[in-house]
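K.L.:
As given, the protein sequences belong to chains A and B, one line each in that order.
Each residue of the first sequence is one higher than the one before, starting from 2 at the first, in my numbering.
Each residue of the second sequence is one higher than the one before, starting from 9 at the first, in my numbering.
Just so you know, these hints were derived from the structure itself, not from any lab.
Worth double-checking, as some hints may not be accurate.
For lysine-lysine, the following DSS-like pairs were computed, each having C-alpha atoms within a straight-line distance of at most 27 Å [claimed, not checked]:
#, chain 1, residue 1, chain 2, residue 2
1, A, Lys139, A, Lys325
2, B, Lys295, B, Lys132
3, B, Lys89, A, Lys61
4, A, Lys139, A, Lys248
5, B, Lys132, B, Lys99
6, A, Lys74, A, Lys61
7, A, Lys46, A, Lys74
8, B, Lys197, A, Lys61
9, A, Lys46, B, Lys197
10, B, Lys68, B, Lys132
11, A, Lys325, A, Lys248
12, A, Lys74, B, Lys89
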Amino acid sequence: MHLRLRHLLLPALLLSAASALAAEVAVEAGDGATERLVEALIMAKPGDTIAIGAGRFELKEGLSLQVDDVRVKGAGPDATVLSFAGQTGSGEGLLVTSNRVVLEDFAVEDPKGDGIKSKGSDQITFRNLRVVWTGGPKESNGAYGVYPVSSQHVLIDGVTVSGASDAGIYVGQSQDIVVRNSRAEYNVAGIEIENSARADVYRNVATHNAGGILVFDLPNLPVQGGHDIRVFDNDVVDNDTGNFAPKGNTVAMVPKGMGIMVMANRNVHVFGNRLSGNGTAHVLIAAYPNEYEDADYMFVPRGVYVHDNEYGAGGNAPDGEVGKIISDISGTPVPDIVWDGVTRIPEYFSWVRPENRVYVSEPKATFINLKMISQMLLPWGWWPDRDASGYAGSLPEPAPVKLPQDSGA
Amino acid sequence: MPRSRRRWPAGLRRAIPVLAALFLLAPLPAYAVSDDVILADTPPRQLSAFGFFDDLAAQKPAEGVIPFRLNTPLFSDGALKDRFVYLPAGKAAAHDATEAFDFPVGSALIKTFSFPADYREPDKDIRRIETRVLLRHADGWQAWAYLWNSEQTDAALKIAGATVPVSTVTAGGTPLDFAYSVPNKNQCKACHALDNAIVPLGPKARNLNGPFPYASGEENQLAHWAAAGILAGAPPPAEAPAVPDWRDETAPLDARARAWLDVNCAHCHRAEGPASNSGLFLTFGEKDPVRYGVRKRPVAAGKGAGANEFDILPGEPDDSILVYRVRSVEPGVMMPELGRHLADPDAVALLRAWIAAMDD
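All chains, full assembly: derive it from the sequences and hints.
P.N.:
Right under this line is the structure:
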């Protein structure tokens with residue numbers, strides 16, 4: 002086998018120096034397909050399209066792409082399937098570390114770790130992809146389905162992820178992000194934006210996860226202080242899968258039946274979403290609850306504006322430790338919008354600047370401020386606040402995220 | 009020179025310009041190593057074309073190719089490793105106190121991976137699997153892997169990687185069969201990357217600062233490199249940084265564990281490395297306990313966390329993600345992600361002892 006490969010590779014290598022023309026490199030299923038796919042990704046030249054044909058490709062090792070300006074295109078997310086069921090190495094199915102890369106029209110099934118990851122990429126597009134763990138929700142599934150991290154200008158469009166043991170669609174430590182027209186189901190978290198700046202999350206469906214859409218900021222990471230996030234026009238419904246994340250992961254605390262959760266972060270806008278069938282709470286705004294050592298980290302949300310969402314039934318089955326903490330105070334059903342009410346101690350005794358406050362403008366929804374800071378400081382003299390009128394007001398909305406690879410949209 | 013010339017016979021004196029001209033026309037340098045092959049746009053098909061070895065099969069290096077070892081090496085499924093460095097004649101690498109030395113264009117680092125038929129006799133019946141080369145070009149380093157033929161006479165360029173079945177017997181006498189992975193070209197960079205550029209990992213001052221049994225006798229490697237003129241700006245070995253051999257039980261436990269983590273993990277787990285987003289930084293010089301894992305919560309570990317909340321829980325190795333992942337051989341859990349299929353029980357024991365000894 003290595004004789005044949007050598008003969009295939011060397012002419013390609015020699016050509017690569019001479020030819021700067023963009024080419025379409027076809028990789029069809031069949032004999033030697035996985036080797037040909039590995040080779041095509043390694044030997045790709047800027048401007049090339051790697052066209053993966055219809056069929057199943059059984060991969061033993063993770064794939065990776067390190068060349069700029071490459072399009073990897075399948076014959077459709079149901080037609081071209083990269084199966085990693087027999088994977089023996091690598092932390093993900095496909096890893097991209099280069100810039101201006103488009104991944105579209107294929108599926109990744111059963112990766113041992115994460116599905117499709119980009120690390121340090123600028124202008125990375127995930128379009129019309131499917132990442133699925135075919136055995137359904139399991140703790141042994143990989144953490145993330147679509148996983149851009151430390152990346153800039155991220156477009157996730159028309160992606161379906163199912164079965165991730167952390168987040169189906171996860172964007173971490175990245176800037177300028179659009180997640181739209183995508184579907185996340187049967188994951189622990191459907192869509193998660195973490196330690197990231199300037200994200201628009203819209204027209205997605207998050208259903209049958211433990212939690213639908215999470216906007217988090219965590220300590221002890223190279224990039225933190227997430228800010229300017231818009232979550233709008235999403236359907237966040239029937240998130241009713243028990244949390245199957247391995248214990249120890251931050252996401253393991255998310256209760257079954259969480260709709261949209263904002264933890265820490267700055268300037269987060271949640272509006273125009275349709276929420277129903279989320280048994281713990283439709284919207285939760287919370288501080289980071291764990292101890293940490295990080296002088297640069299802001300553990301409370303700064304500036305959250307929740308308005309004009311549609312709320313159906315919900316809060317009828319508060320789940321887990323978080324659900325119990327909430328419902329012990331609120332009773333059942335849990336109100337549509339829950340704020341833990343944690344502020345920093347100096348602010349508790351003085352005031353919170355307007356741009357750092359939580360605003361709720363939802364005339365038809367129910368609300369509770371758990372006032373957990375008072376609960377701690379004044380255990381015999383506190384009460385939750387159910388009147389949203391005290392939280393009226395608004396915050397200026399961040400401008401829509403514009404991506405260079407999305408100029409036609 | 010002019011003074012001594014006066015004593016030479018007149019005939020020879022007349023011949024000197026001719027001899028000098030002949031000398032200048034002769035190919036430079038005198039090494040068997042081909043600088044042209046190292047610097048060519050495309051790598052040769054066969055390892056032998058570089059001329060790194062007088063006897064390739066025996067790994068007997070050519071003149072100018074210097075063998076070296078590392079105080080603490082990377083675990084690669086127990087592979088035996090022969091390492092060599094080559095610099096173009098008259099050139100020297102610049103010393104660096106923390107990073108790999110800055111090698112001049114035309115340098116090469118060569119590493120051969122082999123397995124003995126039986127670890128109880130590790131010098132006998134050695135089967136060479138692959139030789140990896142790092143070539144310093146003007147625009148950066150190139151990484152290539154060569155797969156040895158079954159006759160063990162030469163090795164062929166392998167860009168797409170390979171899986172090689174290995175059969176051996178452990179030091180404990182147990183038969184061991186497994187599939188060894190020769191990395192594909194992209195996988196080389198998955199570890200050899202600093203700020204997204206290919207870099208060498210081994211030849212750092214702290215890991216070279218130790219003795220090597222040269223043909224001329226045992227000598228400190230930094231001193232030898234400096235004396236050979238291939239390393240410039242190095243302090244005396246006593247003043248240079250050093251990590252211990254992680255197996256050296258006379259060395260401090262903390263230094264042994266940190267040396268092991270430095271070599272086996274920190275190529276990715278550092279601020280400039282492929283795993284920077286984890287926030288877990290395992291370089292030998294990292295001083296912040298949270299950054300090297302103490303009570304640090306996982307961020308993207310997934311099932312790699314096991315049921316554990318912290319990378320390192322002081323005093324509790326069995327509740328520490330670090331031990332869980334180093335011990336595992338399950339893809340998606342095991343660390344490092346690449347370059348191994350087996351666990352190293354001795355390394356697991358070291359890390360367990362290190363964490364067990366930490367004050368809560």
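K.L.:
Indicate, hint by hint, whether the structure satisfies it.
P.N.:
Against the structure, the hints come out as follows:
no.	hint	in the structure
1	A:Lys139 / A:Lys325	24 Å, holds
2	B:Lys295 / B:Lys132	43 Å, violated
3	B:Lys89 / A:Lys61	25 Å, holds
4	A:Lys139 / A:Lys248	13 Å, holds
5	B:Lys132 / B:Lys99	36 Å, violated
6	A:Lys74 / A:Lys61	20 Å, holds
7	A:Lys46 / A:Lys74	15 Å, holds
8	B:Lys197 / A:Lys61	19 Å, holds
9	A:Lys46 / B:Lys197	17 Å, holds
10	B:Lys68 / B:Lys132	16 Å, holds
11	A:Lys325 / A:Lys248	18 Å, holds
12	A:Lys74 / B:Lys89	40 Å, violated
Against the hints set out earlier in the document, violations occur for numbers 2, 5, 12.
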